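Let the sequences and hints guide you as you build the complete structure.
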Amino acid sequence: MKNIRNFSIIAHIDHGKSTLADRIISECGAVSDRQMSAQLMDTMDIEKERGITIKAQSVRLTYKFNNEEYILNLIDTPGHVDFSYEVSRSLASCEGALLIVDASQGVQAQTIANVYIALENNLEIIPVLNKIDLPAADPQRVKNEIEHVIGLDCSSAIEVSAKTGIGIKELIETIIQKIPAPNTNDEAPLKALIYDSWFDSYLGALALVRIYDGVIKKGDIVYVMGTGKKHEVLDLMFPHPLSPIKTKEITSGEVGIVILGLKNVSDVSVGDTITLATNKAAKPISGFQKAKPFVFAGIYPIDTDKFEDLRDALDKLKLNDSSISYEPETSIALGFGFRVGFLGLLHMEVIKERLEREFKLDLIATAPTVTYEIYKTDGSLVKMENPSDMPPVNEIETIKEPYVKSTIITPSEFLGNLITLLNTRRGIQTKMDYITPSRVLLEYEIPTNEIIMDFYDKLKSCTKGYASFDYEPIDYRAGNLVKLDIKVAGETVDALSIIVPNEKALSKGRDLVKAMKEIVPRQLFEVAIQASIGNKIIARETVKSMGKNVTAKCYGGDITRKRKLLEKQKEGKKRMKAIGKVALPQEAFLSVLKID
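Just so we're aligned, residue 9 is where the sequence shown starts under our numbering, counting upward by one.
These aren't lab readings, by the way, just hints derived from the structure by calculation. All values reported here derive from a predicted model rather than from experimental measurement. Some hints could be false.
FRET-style restraints, in silico, Cβ to Cβ [said to hold, decoys possible]:
| # | residue 1 | residue 2 | range |
| --- | --- | --- | --- |
| 1 | Lys-472 | Tyr-124 | 35 to 41 Å |
| 2 | Tyr-383 | Lys-472 | 40 to 46 Å |
| 3 | Asp-146 | Glu-451 | 44 to 50 Å |
List time: in silico DSSO-like cross-link candidates among lysine-lysine, alpha-carbon distance up to 27 Å [what the hints assert, rightly or not]:
| # | residue 1 | residue 2 |
| --- | --- | --- |
| 4 | Lys-512 | Lys-522 |
| 5 | Lys-314 | Lys-360 |
| 6 | Lys-237 | Lys-314 |
| 7 | Lys-384 | Lys-368 |
| 8 | Lys-522 | Lys-561 |
| 9 | Lys-226 | Lys-10 |
| 10 | Lys-468 | Lys-516 |
| 11 | Lys-413 | Lys-495 |
| 12 | Lys-288 | Lys-225 |
| 13 | Lys-238 | Lys-408 |
| 14 | Lys-326 | Lys-391 |
| 15 | Lys-237 | Lys-225 |
| 16 | Lys-226 | Lys-300 |
| 17 | Lys-368 | Lys-326 |
| 18 | Lys-413 | Lys-466 |
Just so you know, even glycine gets a beta-carbon here, dropped at the ideal spot from N, CA and C.
Printed below as a string of structure tokens:
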């Protein structure tokens, strides 16, 4: 027991977390040089391409120090804010964490968010400065920043370069010396925290667990506290970067994979507790909660025949990612599809990309929305995820929208641009702190609706990519909101409806119809594009009709011949306008997302 070290790595995106994990694995000799590959812990193509960790991985390593063998369990965490619940469960499984900060960039927003989770779990935090081989590295400035912002003593911070291998040996020895051994009890009833789960096509749903108390053996009958179901342990394994190692038992303080032969990942939810059916633990490990979707969007197949394929693809994806939720919905404009709930915007992008790649589907997503709370005049409360479900205006007492608390760190030269952007997005400033004379930390409360479209892109472009952004949901607040509908040729296009603040409705409506005018193809009749709130039209553009020269064949004779043909054309256009339908191209739906 005293030779086990469970630790995690906390870092902002691009600060070298995956590279450092690779370097620690190869230093411990778990993988030979021939089998080593870059970003060994990232298993998905999207992770490697984008340089992000989406799915947390774990690895068990052994290291000899002072003639004793130590077991190091490296529990990797995703970096992005969308997966902060998974991060909190991974950190709850550890006794210590490495806080990695890029020695050239300094402290960023996600670093702060994840450090606070680690501090809540009372972890031993070791500050590590990475990328010290870069010409722009300034370790002393970064140490001062960590001390100022987080309040950690950085006098003994370790300087490493994951790329070249400088300081890695010293880092591993510091982990062994500073991070405490797990404080557990083999004799107590079994208590194991599931901090990750995924689906294997041969073995079923696998649970990656950290054992707090007791021992789990092959053949035990276990009880999952969240679902209240009993299962037999078919097999046990220790995680390894290449292939897991089988074992007969996992004792307290250790990390391992439990195979229960389940067909569904939702039976082993992240954060749940496993105990023995015969000798149950008194209460589960605290902090368990069901994954709550945060952003909703409609996903439709471009080819309407592919609806069943999309359903199968979502079913299969849910086996690996139990945090997505979906239900069928129909749209007049887009046909049959699904309303899908995601943890956040990055999660939405990743899921859409995985559906397209892994299942070879062509999809279109509608504008993302959040959940609104609508208090009706009869006193009832309705939760609305889709703008087209909004009750009539006369039945609504108040509409409440969700808010987030956001942390932004930016170079001070971009402060003016940033405050302007936040004010246009209805942000309320709660804190402003100069970390150093050239870097500022801002805290704002912003309506979630304002950050889910293109806020991140705008933030990056107005700060030349230097600002970092992190958010967490706080509460619901009443807002003066209206539903903006777009009508094409007199028909409301349900997939384009959005919820906007009343004061922005007019300008947003004008921008939308202008953008739509460029995209809607010209017909043989005039097409009116209108933005409306309820029955009131607030903006209109007209797509001119295509002219056909019907008088071309008249080369002489009386003017009445031409007039007769023109009158006939006029009648035809009138009739077409009454019964004509307009097929909207895919770009029309994307244009809504791009409107400033």
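The hints, checked one at a time:
1. For Lys-472 paired with Tyr-124, a C-beta distance near 28 Å fails the hint of 35 to 41 Å.
2. The given range of 40 to 46 Å is respected by Tyr-383 and Lys-472, whose C-beta atoms sit roughly 43 Å from each other.
3. Between Asp-146 and Glu-451 the CB atoms are about 26 Å apart, so this pair departs from the stated range of 44 to 50 Å.
4. For the suggested pair Lys-512 and Lys-522, the alpha carbons sit about 16 Å apart, so the restraint of at most 27 Å is met.
5. With a CA separation close to 15 Å, the supplied pair Lys-314 and Lys-360 stays within the 27 Å bound.
6. Annotation: proposed proximity of Lys-237 to Lys-314 is violated, straight-line Cα distance about 36 Å (limit 27 Å).
7. With a C-alpha separation of about 43 Å, the suggested pairing of Lys-384 with Lys-368 is violated against the 27 Å cut-off.
8. Between Lys-522 and Lys-561 the alpha-carbon distance is near 37 Å, which puts this suggested pair outside the 27 Å criterion.
9. Between the alpha carbons of Lys-226 and Lys-10 the distance comes to roughly 24 Å, so the proposed pair stays at or under 27 Å and holds.
10. The hinted pair formed by Lys-468 and Lys-516 meets the criterion: a straight-line CA distance of about 22 Å does not exceed 27 Å.
11. Pair hint Lys-413 plus Lys-495 does not hold up; C-alpha atoms about 35 Å apart against a cutoff of 27 Å.
12. Between Lys-288 and Lys-225 the alpha-carbon distance is near 15 Å, which keeps this suggested pair within the 27 Å criterion.
13. Straight-line distance between C-alpha atoms of Lys-238 and Lys-408 comes to about 41 Å, which puts the hinted pair past the 27 Å bound.
14. Annotation: proposed proximity of Lys-326 to Lys-391 holds, straight-line Cα distance about 24 Å (limit 27 Å).
15. This hinted pair checks out: Lys-237 and Lys-225 have alpha carbons roughly 18 Å apart, not beyond 27 Å.
16. Our distance criterion of 27 Å between C-alpha atoms is broken by Lys-226 and Lys-300, whose separation comes to about 33 Å.
17. Of the supplied pair hints, the one linking Lys-368 and Lys-326 holds, its CA atoms being roughly 17 Å apart against a limit of 27 Å.
18. Between Lys-413 and Lys-466 the CA atoms are separated by roughly 18 Å; this keeps the pair inside 27 Å, and the hint holds.
Hint compliance for this structure: hints 1, 3, 6, 7, 8, 11, 13 and 16 are broken, all remaining hints hold.
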